[in-house]
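Colleague: The residues making up each chain are set out below.
There are 6 protein chains.
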Amino acid sequence: MKDYVIMSGTSTKDIALSISKKHNRPLIDINIKKFSDGEIFVKIKENIRGMDVFYFQATPSNDSLIELLLTLDAIKRSSPNSITLIMPYYGYARQDRKTEARTPISAKLVADLIEKVGIDRLVTLDIHSEQIQGFFDSPVDNLYGANIFVNYCKKYDLSNTVIASPDAGGVVRARYFAKKLNINELAIIDKRREKANESEVMNILGNVKEKDIIIIDDMVDTAGTLIKAAKAFKDNGAKSVKACITHGVLSGKALKNISNGSDYLDELIITNSIKQEKTLQNITILDSSNLFSEVIRRLQENRSISSLWK
Amino acid sequence: MKDYVIMSGTSTKDIALSISKKHNRPLIDINIKKFSDGEIFVKIKENIRGMDVFYFQATPSNDSLIELLLTLDAIKRSSPNSITLIMPYYGYARQDRKTEARTPISAKLVADLIEKVGIDRLVTLDIHSEQIQGFFDSPVDNLYGANIFVNYCKKYDLSNTVIASPDAGGVVRARYFAKKLNINELAIIDKRREKANESEVMNILGNVKEKDIIIIDDMVDTAGTLIKAAKAFKDNGAKSVKACITHGVLSGKALKNISNGSDYLDELIITNSIKQEKTLQNITILDSSNLFSEVIRRLQENRSISSLWK
Amino acid sequence: MKDYVIMSGTSTKDIALSISKKHNRPLIDINIKKFSDGEIFVKIKENIRGMDVFYFQATPSNDSLIELLLTLDAIKRSSPNSITLIMPYYGYARQDRKTEARTPISAKLVADLIEKVGIDRLVTLDIHSEQIQGFFDSPVDNLYGANIFVNYCKKYDLSNTVIASPDAGGVVRARYFAKKLNINELAIIDKRREKANESEVMNILGNVKEKDIIIIDDMVDTAGTLIKAAKAFKDNGAKSVKACITHGVLSGKALKNISNGSDYLDELIITNSIKQEKTLQNITILDSSNLFSEVIRRLQENRSISSLWK
Amino acid sequence: MKDYVIMSGTSTKDIALSISKKHNRPLIDINIKKFSDGEIFVKIKENIRGMDVFYFQATPSNDSLIELLLTLDAIKRSSPNSITLIMPYYGYARQDRKTEARTPISAKLVADLIEKVGIDRLVTLDIHSEQIQGFFDSPVDNLYGANIFVNYCKKYDLSNTVIASPDAGGVVRARYFAKKLNINELAIIDKRREKANESEVMNILGNVKEKDIIIIDDMVDTAGTLIKAAKAFKDNGAKSVKACITHGVLSGKALKNISNGSDYLDELIITNSIKQEKTLQNITILDSSNLFSEVIRRLQENRSISSLWK
Amino acid sequence: MKDYVIMSGTSTKDIALSISKKHNRPLIDINIKKFSDGEIFVKIKENIRGMDVFYFQATPSNDSLIELLLTLDAIKRSSPNSITLIMPYYGYARQDRKTEARTPISAKLVADLIEKVGIDRLVTLDIHSEQIQGFFDSPVDNLYGANIFVNYCKKYDLSNTVIASPDAGGVVRARYFAKKLNINELAIIDKRREKANESEVMNILGNVKEKDIIIIDDMVDTAGTLIKAAKAFKDNGAKSVKACITHGVLSGKALKNISNGSDYLDELIITNSIKQEKTLQNITILDSSNLFSEVIRRLQENRSISSLWK
Amino acid sequence: MKDYVIMSGTSTKDIALSISKKHNRPLIDINIKKFSDGEIFVKIKENIRGMDVFYFQATPSNDSLIELLLTLDAIKRSSPNSITLIMPYYGYARQDRKTEARTPISAKLVADLIEKVGIDRLVTLDIHSEQIQGFFDSPVDNLYGANIFVNYCKKYDLSNTVIASPDAGGVVRARYFAKKLNINELAIIDKRREKANESEVMNILGNVKEKDIIIIDDMVDTAGTLIKAAKAFKDNGAKSVKACITHGVLSGKALKNISNGSDYLDELIITNSIKQEKTLQNITILDSSNLFSEVIRRLQENRSISSLWK
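Protein chains in written order, with our numbering: chain F, 1162 to 1471; chain C, 1162 to 1471; chain B, 1162 to 1471; chain D, 1162 to 1471; chain Y, 1162 to 1471; chain X, 1162 to 1471.
Quick caveat, the hints were computed from the structure, so don't treat them as lab data. Check the hints yourself; a few may be wrong.
In this list, chains with the same sequence are indistinguishable; a pair is considered to hold if it fits within one copy or across any two.
[What the hints assert, rightly or not] Straight-line alpha carbon distances no greater than 27 Å define the calculated DSS-like cross-link-like pairs of lysine-lysine that follow:
1. 1340 - 1183
2. 1206 - 1195
3. 1395 - 1204
4. 1389 - 1194
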């Protein structure tokens, strides 16, 4: 195995520390100062010349994105052998196309900024759309959060379970998850606004009566729509509703919504791809570091990543 | 209005000729020779120095893609003022992400090849996924085939009509089309393979009984799946089934399938984005040149394209 | 004069509005939403196809830098004729070289990010070091804040005045300013730390006794060092101390420091290159919009910018 | 020796298989599907992470060129250590300059497309003009077909032989070949059209009477000119005429021309740089795989390629 | 006609001044200082914002090449509308391929350096090989020196004239020139070294007895080979020998060789593409400025350049 | 330690030879021919495939800069593993910003040219301004000449010594040097021109009376200003004046100035970063090869360079 080091930005310290222990290698220290005017100063505190660098940083905020770019610049100018950027959460992924006239394609812009500084490979987790891989010239390995949830869900009795996608776009993910759990039935939420100025209706396609529902999705932000979907399932006779959602953005009123909606959503299962300052009783946070740890091992041994999913 | 010229590759001669007439400008002649060994030779026969060039070429085949790249190179070396590439059909658009390990992202590769030679703007029609816009650094204007179909469909009695998407991915397109026609109801085909080695089942979500169905999609290739979908609608009680599909690739057994399936699919409506050598009685081909003509006019007058869709 | 539009980011609205009035052209509206998770969404609300765009945005924070990049991307994809980016304040300019091992060159990174999205020309005001012009491939016009201060200072009796630079690096700026005011005498602060762990000594080179001092500099952040310098001048017998400093970053305890140090620093004169939320009685804020307005006029008339300084 | 793998496109399977045997390494399988609409799908069937990849593909057609680019993209996204592209035949090499106004420089375009996807090194065989090396930024090693022909020709009595170039451009190649065979005398064909509308005259420079002629060239396409040249030599008294031509494009009426011209051309010797579907009795096909095999060995051992030719 | 300016480097002052007069436009002054340590300082003395710039500079030396690059950088940073670089002589053009192992492709390097700084179009005169056009991404217009020589030569009685190429590589140029002069007969020099360590033999292909010979070539350097060729023609019975050679490099012993060889070479005709410090009685220098003047006129009027040659 | 080779351009033969001995590795021979017309031809005489190449070349002249670029191109096309360019002297470094309107940023241009050909890392010695590091995308290690001078100066009695900077820009370098020698006192020369057309006055800041002065600077060219500074120190009562200046450009009248000024400047100490053809009695030339040798050793062992300076 080639010589390598683990590094981490401020938003992924826990994951990286856990991996540094699993791999029995010290986490290279980065000094990150934030000045009172908001500018960030980065200094890598140890020599990394000639090393294969695995640098973790999620980008749930503009500050974390700028920190990522500055740190990549510092890494590049420190003469490593290679740079693998591991982004457990890739911000701005939802703006992956021109949704309206004269808007940016923000997910492409983020890719361009990262490629401009320079990486050798990107590892992401449940990136919002797979086409984002094509925004990069470097190889991208996108990991599936489903593989983290499968083990956890197996502890439940799944005999009466239906896997649900909260929109048409997530059907492929839902099928993959269902197959992993040997579940056949799917349900899809079809949001439609029957008339202008009326509120969106949560129309359910598929049979959910007396069923245990597991919603699978990549991202939960304010949780407003999620709670509405859970309510719709319960209103249609579902026995229980859980949600396995990789990225817990949980901004704004999210915790309040989840707390208020606990009659509808029985459990929210997320990963630690985004660091949580606060949490709630009905939120379960799964550790993603085993997955990343295995990926780093395979990369260093030149073994296949895709075979992890078979 | 600035000075401009219309040019066309071999696969879009009809559209370009029609536009050249509408705009009252000669179609600049390109000499395209194909040698017996398969190599293509391109020569632009008139001076285009300082002109705004609108170059049409669809890429339903590898030959047409190479012809496009060689012609762009010839245009670039002829010192035009700007190059607008108009691709009524963008080949390889379906391979817009790494579908399996160690496969190319072909739609990105095509974008890279085009950008490498150099264009100022791309105009496409119903590109397979909107994220492909992000594969380009140049501005991309993607036109909607729905706007061509709307006028045609208005001649029918639509009071009992349901708009259908042949898969989950096409729901956004279906809704846009339904809204343009003031139709509320949608149906979606949910293909699922219940067990390995069993054939795919066409499960219909939504009510189609006694309804007139209009399927909307971006592309029809061998038409096998399309006929199966039409049969499924009829089997579920639909009164009639039409399909509005922008790009008539119609390769392999397509015409045979459509002919044999005429009990299920009453009419197939496509555009002339791809040149058809042969056709059938129940295939209607709509002219897309009005749409492109208006776009060129707006581009030369610095007017908005997006406002076309409002 | 060619057809052009004025646009502005959130941090330069006042300057841009003033210019839009002076040039009698509406300020093109940009819709900038900040979501609860911190992501920014940008939409240019009017068609700018074929226009020469003058886009103002200062970057005193990471949010304003990301907003700048996203907006540039949206502008680029809207097919303007040219993009002139006007940055009254260029953040991260102080990190213009590798100050220590394994640190980024942040000012170059910012330049790379901007060039990657794509501009035709950059206009800045008192950029921290002139070498930053070389970080760009595009033409850069750096304006001098001194030209704003000169008019203001002429209202004072300057017969007994010495121009002071707060460090060796600012001597060139100080001389330029002195020459503009027909002043001969300079003073320089030489900060030195005589022994480790002792605090820095403010050693004054030049004669300041009974003199009116005008400090000139590009940037004031927490104002700690500025007040120490003013105190040193007063301790050495200066009659009055004013400071003309282009960019009022004024972060952290800045206002408190300036307020507490009002015995030493009689007046702080800054420009509106950075928007001030709060201010103090002994702070004067000069409007920079006349300068930018004249530059835009000259750019549109293909006249020289440099001749402004002769 | 470093770890490496052999891969091949559809047009070079025989050469690559032979090399895989010589090097005792399995040929990595690539799944190449051609859909009925003409699009190509590529999948590399085994993990190649960290490997030095030697990928063979000739480009005698547009399909093979697109296949090459798609496969390179798939290789690049599979994280190999390095990519050496081996093109036994480089299509479009004859269009290596602007032959007329407003034509592409096709050989440069092909180079640009390949470099855009990304390779570490290119190996070619008898590329049409050596300047094409300069179209690449990557190192190019151009092998000489003459080295394949020399061994074969030594079986003949060469005491009365003259080496002939079919045009002025091939004189350098002819001299190199002559020197390798210890032959002194050269002949050159000087095609000239004495008056417009008269057919080209094959004027022979050099003495060929009672001589055994060996024509050497890089490419034979329809063989029309070759047979005319052979006839001219025989008409001028040559005893026998053979031709050693690296790339047997042999398109259109080539086989018919060669068959009909067998009185003039006694033997055509080509290499297997292009796969031949059919052949004729007086065509000899030499195997080029020894040459490529030796080159791969030297590359992996960091030994000189150029010393092969001394 | 669009607004444009003429500029010139130190090596093309005469040509550019002549054009500035023909076009009735002042030659924009460039201040070029050479410091005592050899470094060059460039300053464009007038505003060129928004202008189409035609910048002349030949590169017969490393100093002139660096001057060219520095001046292009200064032009680029001065915001012109476009830059047309006109290189009457392109140095390093002979090294247009890897002649031996581990040598640079110098002509490509020069192209890369120029493209890196950035031009919109290149105009050259008789560039050594046409493939060099492909080293550039920008459009290249290569003018033919033959068109300058044709008018001059018409003053001679050409009834008994043979056009001669000094090597196989120049045959295409020789034919073009012959056709322009309505001459049919060509002669070619075939240099061969019969045995190692013997000197090169000048073998003449074609009939020169009692003929007036006009040698045509792109470049004469030390003139050693040229005089040997002239001697060979005279030794074979030629009545007179003239040489029309576009670029008079004339380095080292060139003038001495030409003076000593005046029995063999009756007249050397060159152009002023390279400035001559000294000359001789039997050297005629033709002015190339009419040709360049006409090209600039056509470029500004968007007319074809290639039609000049028909 | 990885396998590596040492190479050198014409201007750094001595340093490189010394290092080749210290590292016990042969200096790879480069054949550099200069033709009579001034063009340079480069050929690397041994195979360097797969090697880490350390290539030395200083650029005190345009010829040496072109030689550097051509040799880099030859190295790149020879397939090394990596290229470390070591420039003991970086020409054009003083033009590191647009000093006046319409001038080039020559130091950036040189960086662009080098990056265009391609290097993996740059090592320089006392580059004129540290911002030049940001002109490169590759990592740059800038060594300090002060570390060479420190050992030499320790042989002197330093108890009464003042370190002097010849201008405001050099104060940081002077402090670093003073600290290395445990000296506290600094002096600065403040050149000012009191009235236009009067000559510059050398105003001394700091106490130099009865002191031993050591001037430290990066570059001495014609030595005119240096001698004036030395005279100013002596005129102000200095006991002795020495100067430690890394790069001895010494062009024009430099030796004459130094010789004539020997009453003022007692000793000039330079390094061999630039090869000296001639020298004088009061010039001491220190060998820089120990420093470069140590750097190469650390690079090959993946050890830190920055820790050299602590």
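Colleague: So which hints don't hold here, by number, going up?
Modeller: Violated hints: 1 and 3; rest satisfied.
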